[in-house]
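Visitor: Letter by letter, the chains look like this.
4 protein chains.
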Amino acid sequence: MAIILGDNQYGKAESRVVRIVRDTARHEIHDLNVTTALRGPFAEAYLSGDQSNVLPTDTQKNTAYAFAKTKGVEAIEQYGLELARHFVNETDPVEGARIEIEEFAWERALVDGTEHDHTWLRKGQEVRTAAITVDATGEYVIGGLKDLVLLKSTGSEFAGFLSDEFTTLPETHDRVMATALDAKWRFTSVDVEWNAVYPEIKALMVKEFATLQSLALQQTLWHMGTAVMEAFPFIAEVRLKAPNKHHFDYDLGRFGIENRGEVFFASDRAYGLIEATLLRDDAPPANDAWRASAGLA
Amino acid sequence: MAIILGDNQYGKAESRVVRIVRDTARHEIHDLNVTTALRGPFAEAYLSGDQSNVLPTDTQKNTAYAFAKTKGVEAIEQYGLELARHFVNETDPVEGARIEIEEFAWERALVDGTEHDHTWLRKGQEVRTAAITVDATGEYVIGGLKDLVLLKSTGSEFAGFLSDEFTTLPETHDRVMATALDAKWRFTSVDVEWNAVYPEIKALMVKEFATLQSLALQQTLWHMGTAVMEAFPFIAEVRLKAPNKHHFDYDLGRFGIENRGEVFFASDRAYGLIEATLLRDDAPPANDAWRASAGLA
Amino acid sequence: MAIILGDNQYGKAESRVVRIVRDTARHEIHDLNVTTALRGPFAEAYLSGDQSNVLPTDTQKNTAYAFAKTKGVEAIEQYGLELARHFVNETDPVEGARIEIEEFAWERALVDGTEHDHTWLRKGQEVRTAAITVDATGEYVIGGLKDLVLLKSTGSEFAGFLSDEFTTLPETHDRVMATALDAKWRFTSVDVEWNAVYPEIKALMVKEFATLQSLALQQTLWHMGTAVMEAFPFIAEVRLKAPNKHHFDYDLGRFGIENRGEVFFASDRAYGLIEATLLRDDAPPANDAWRASAGLA
Amino acid sequence: MAIILGDNQYGKAESRVVRIVRDTARHEIHDLNVTTALRGPFAEAYLSGDQSNVLPTDTQKNTAYAFAKTKGVEAIEQYGLELARHFVNETDPVEGARIEIEEFAWERALVDGTEHDHTWLRKGQEVRTAAITVDATGEYVIGGLKDLVLLKSTGSEFAGFLSDEFTTLPETHDRVMATALDAKWRFTSVDVEWNAVYPEIKALMVKEFATLQSLALQQTLWHMGTAVMEAFPFIAEVRLKAPNKHHFDYDLGRFGIENRGEVFFASDRAYGLIEATLLRDDAPPANDAWRASAGLA
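Protein chains in written order, with my numbering: chain E, 1 to 297; chain R, 1001 to 1297; chain S, 2001 to 2297; chain U, 3001 to 3297.
Pulled out of the complex, with its shape left as it was, chain E reads as follows:
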């Protein structure tokens, strides 16, 4: 019986890379949080402290900043591929690279109704994400978003559920449904119009959330995922994680005031948590595509 080193990886998490494109007076901004992780024959770093195969995490960070200039960051999926390929191809002992990226959205400031050239406001809550893995088995790109906060004030039911001795929840046919969606989708190609696809995926999911008469958050997630997969044949898998952010009717009847779904207490905790994976029955193997590093993206 011996102790062995199993899965391991190391890298630099959360490098805050801001890239301004200023070739013309109308600037562009890309605001990223970049995590890199390397996989390979690093056992001696653990077992004996020998660092000769270890490219410092500081170097990984420098590379992320340098590539923001030399390769650009127009699409985070492409930028992540460039970084991952570099580490695998250019750094001899590295066998696999994992890049996780969060992108924070900005919108142009409006000045007298006109978009400003070089001033922005942070936009929305949602964060676009990408997770890229490159190793001997291939290249894997997972797109995604998180913290997309959605709420519908009707069109949501919950009834006909299983009941036991601890069940006190009443059935409802009209409730508020709110979530902070975490969605990830696996591409089967790296030849994708990344920036064109992203807003379409988001719009499809928002549309399903809005228009489906929801019988459960599970059903809503299924429809959101299938809408995306039916529209984009190069997406083989969608993973969804959705907290059910409860909005409880506030009991105003105690004060002789009628509350017909108008006044709610928005609860912090506990919350429901619904998770689902949708995949094509002919999806190619994911291998390490879903193996996270920091887990931020």
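Where hints are given, some of them may not hold.
Within a straight-line C-alpha distance of at most 27 Å, the following computed BS3-like cross-link-like pairs (lysine-lysine) qualify [stated by the list, open to error]:
(1) S:Lys-2146 <-> U:Lys-3207
(2) S:Lys-2123 <-> S:Lys-2146
(3) U:Lys-3146 <-> E:Lys-245
(4) R:Lys-1245 <-> E:Lys-245
(5) U:Lys-3245 <-> S:Lys-2123
(6) U:Lys-3069 <-> U:Lys-3123
(7) S:Lys-2202 <-> S:Lys-2245
(8) E:Lys-202 <-> R:Lys-1207
(9) E:Lys-69 <-> E:Lys-207
Ranges between beta-carbon positions, derived for each pair [said to hold, decoys possible]:
(10) S:Asn-2287 <-> R:Asp-1147: 28 to 34 Å
(11) U:Glu-3193 <-> E:Pro-233: 52 to 58 Å
(12) S:Asn-2089 <-> R:Ala-1043: 41 to 47 Å
(13) E:Gly-261 <-> U:Gly-3295: 30 to 36 Å
(14) U:Gly-3072 <-> E:Gly-295: 39 to 45 Å
(15) U:Pro-3284 <-> R:Thr-1114: 20 to 26 Å
(16) S:Phe-2234 <-> R:Ala-1286: 30 to 36 Å
Facing chain S, from chain U, some residues (calculated, C-beta under 8 Å) [stated by the list, open to error]:
(17) Arg-3019
(18) Ile-3020
(19) Ala-3066
(20) Ala-3068
(21) Arg-3122
(22) Lys-3123
(23) Leu-3151
(24) Phe-3161
(25) Leu-3204
(26) Lys-3207
(27) Leu-3252
(28) Phe-3264
(29) Trp-3290
(30) Ala-3292
No wet-lab data here; the hints were simulated from the structure. No experiment lies behind these values; they were computed from the predicted model shown. The beta-carbon is built from N, C-alpha and C at its ideal position, and this holds for glycine as well.
Using the hints provided, position chains R, S and U relative to the given structure of chain E.
Guide: Using the frame of chain E, we list chains R, S and U on its own:
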């Protein structure tokens, strides 16, 4: 020499009140975080534990929810005034009330390009705030916003500053300037079109931030504040607090790569912090208008 | 009618200064979050962008780090005084300085029951604070702590309170009382054994919280504050802010299970918020002692 | 080609359960954050919205609170096993249950040097965790901790590493090493003295962190993990995740001040992130033991 009880107040902080208006198929949503605090002859609660003058904080919370239905929350300033007046006028021992409100913005989901009737996405980062005080000296309304995250990628300088033996900062005539603005403005009237004024104030501040060639964040704040006060004679005072969220040029020259204001490290801490109060020379007294409770709004 | 610049200040917030004392093999650690702010004739920085009186916030940060070495940080109150005096006395235009410090506590790692020389674990939740103001009127030191999380599982009542049409809270003579205390105390001297006094103040407040049969959080705060002021004649004022972190009995009776104050739901929001100021009737004027900058300390 | 439903689960996340044991005057406190998730034939909830197999998350929450009374929470591993077994054995369609628990530590208040019977202070930063899985393949318990913040001010080196064109990091033989450890350990038995083992595991890891002359954080993690596994034969696997919380020497030489590892800037981001799995070569299969729900524990 004796120990005496000085300023005191008590209340319920951060009641999360969500109000849906559903009189027609096109719903409206108001998403609030409400803090109430009462002032008055509560010394015995402290000195002897006698609660006979103390309206429970639970009751204050119930009132906030009840008023969301009976009075509505169309403008948080007005809703706050209703709450404050209620506590001062209807609850015998209460002499002063302080209401602090945060409002979280939502925008309608777009479905096939059309605004949806009952589905929303959380919008932006900024939070609209109001702080209302009612006491024997009168009624005071402070409007505001916080976490309005702004960035300009040029049009900002910092030079000609004082220098001592610990000064190493180089002068610059082109830098990124970014902040998360906290702005508060004191009204001299309670007869204001609250919801019309708010976006205009925000737009004026964004415009000044965008268009002024900034010599310092101090100067930018001054211009943002004066623009608001010149436009609205019923605003007597503006208080601004702005972190200077540093974006440092990443040194790519070490790798033979030119970085002309294109790649930045966005630093978390430390940050500059610039504060200013602007007021009219004939501003009426603020009395307790700025005395906070939870300090959230 | 003109717009004038009122109160203003500027500085560097949240410099994370870690000081290791390593003169012997048994190291010491001081882990600080330092905010500095300067007050004086800085109007032109706002009005015209002229920075000639403005010592950069970067320089203030450098000074905080330099003084951590040259002056030491054995007591944050003393270190803050050194910094404040330096800015007021050594930097010509500066008229007032405000230093706010948070100190994070560490405890020595135990190795086989023995304290280790150079390894520590972060200790507790509570943060020791200091806020120092030096200006033409004198020197002011406010000590404090925040996020001291306390809970008692009995010995707390709440009854006999005022009731109105929105009051539904039942009276109780045995409840959980929990808070995250924010306490500040104003010294009337700068010749204090800072590090000896701090743990005694904390112990006194914890003792009162524990041993007093509480009739209300207000009464508990009063006893905590008076205990401190009676013990230390050089403390002229104590300010306390205490959220009432509600622990609600979970209704197990619905399942035929008796719950006699044994199982609670710990609620996040809303929470009660009780505030009090205690001061000596002969307290010297506070002047700007309580005027915050970042408000962290 | 069809879209199919893959892995899925649903449950109630972050129920804040506080359990007071008050059978004698000397109370005990257990402060938990409990997540439950169920696995089984729930496809129809997704595909058609049919909830007939779905035990509401509200019921799961009720069960967590009820069991806190009827089963007790003396050891979170045991309490989690009770909950998981209940759902799998008592709720007909449920095939697998996942329970994730965080426990927040409290220490008794000291009053005049004596431990108080019913008053506590929140203790430390670290959170004890447990993740229990029960399904047709067996019962799995993973213990753990997170946010154990450790720092050593010497005894840490980093040198001899790989270098490329983006490498600028200097070698060092004396640096600060700090982390916020996330450690998980998989038991091969459910017949364990849970509460006796936990502090021993923690002490072993702290000892290795403190006493090993570190050549890299990787090596430190390896030694921490092997120390645990050598001491406890019923632990088959240890997973470690450790941010390298950088403390950078502040450059005081610019001011003519020597800084020999005494004054540091504690950086927020980016940070190194080192991960490792250690396992016995004869470890039984983990099956779904590591499949997370909320991922909090």
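Visitor: For each hint, tell me whether it holds in the structure or not.
Guide: Right, here's what the structure says about each hint:
| no. | hint | verdict |
| --- | --- | --- |
| 1 | S:Lys-2146 <-> U:Lys-3207 | violated (31 Å) |
| 2 | S:Lys-2123 <-> S:Lys-2146 | holds (14 Å) |
| 3 | U:Lys-3146 <-> E:Lys-245 | holds (25 Å) |
| 4 | R:Lys-1245 <-> E:Lys-245 | violated (32 Å) |
| 5 | U:Lys-3245 <-> S:Lys-2123 | holds (17 Å) |
| 6 | U:Lys-3069 <-> U:Lys-3123 | holds (24 Å) |
| 7 | S:Lys-2202 <-> S:Lys-2245 | holds (20 Å) |
| 8 | E:Lys-202 <-> R:Lys-1207 | violated (30 Å) |
| 9 | E:Lys-69 <-> E:Lys-207 | violated (37 Å) |
| 10 | S:Asn-2287 <-> R:Asp-1147: 28 to 34 Å | holds (32 Å) |
| 11 | U:Glu-3193 <-> E:Pro-233: 52 to 58 Å | holds (55 Å) |
| 12 | S:Asn-2089 <-> R:Ala-1043: 41 to 47 Å | holds (42 Å) |
| 13 | E:Gly-261 <-> U:Gly-3295: 30 to 36 Å | holds (33 Å) |
| 14 | U:Gly-3072 <-> E:Gly-295: 39 to 45 Å | violated (33 Å) |
| 15 | U:Pro-3284 <-> R:Thr-1114: 20 to 26 Å | violated (57 Å) |
| 16 | S:Phe-2234 <-> R:Ala-1286: 30 to 36 Å | holds (33 Å) |
| 17 | Arg-3019 | holds (6 Å) |
| 18 | Ile-3020 | holds (5 Å) |
| 19 | Ala-3066 | holds (5 Å) |
| 20 | Ala-3068 | holds (5 Å) |
| 21 | Arg-3122 | holds (4 Å) |
| 22 | Lys-3123 | holds (6 Å) |
| 23 | Leu-3151 | holds (5 Å) |
| 24 | Phe-3161 | violated (24 Å) |
| 25 | Leu-3204 | violated (10 Å) |
| 26 | Lys-3207 | holds (5 Å) |
| 27 | Leu-3252 | holds (6 Å) |
| 28 | Phe-3264 | holds (4 Å) |
| 29 | Trp-3290 | violated (27 Å) |
| 30 | Ala-3292 | violated (23 Å) |
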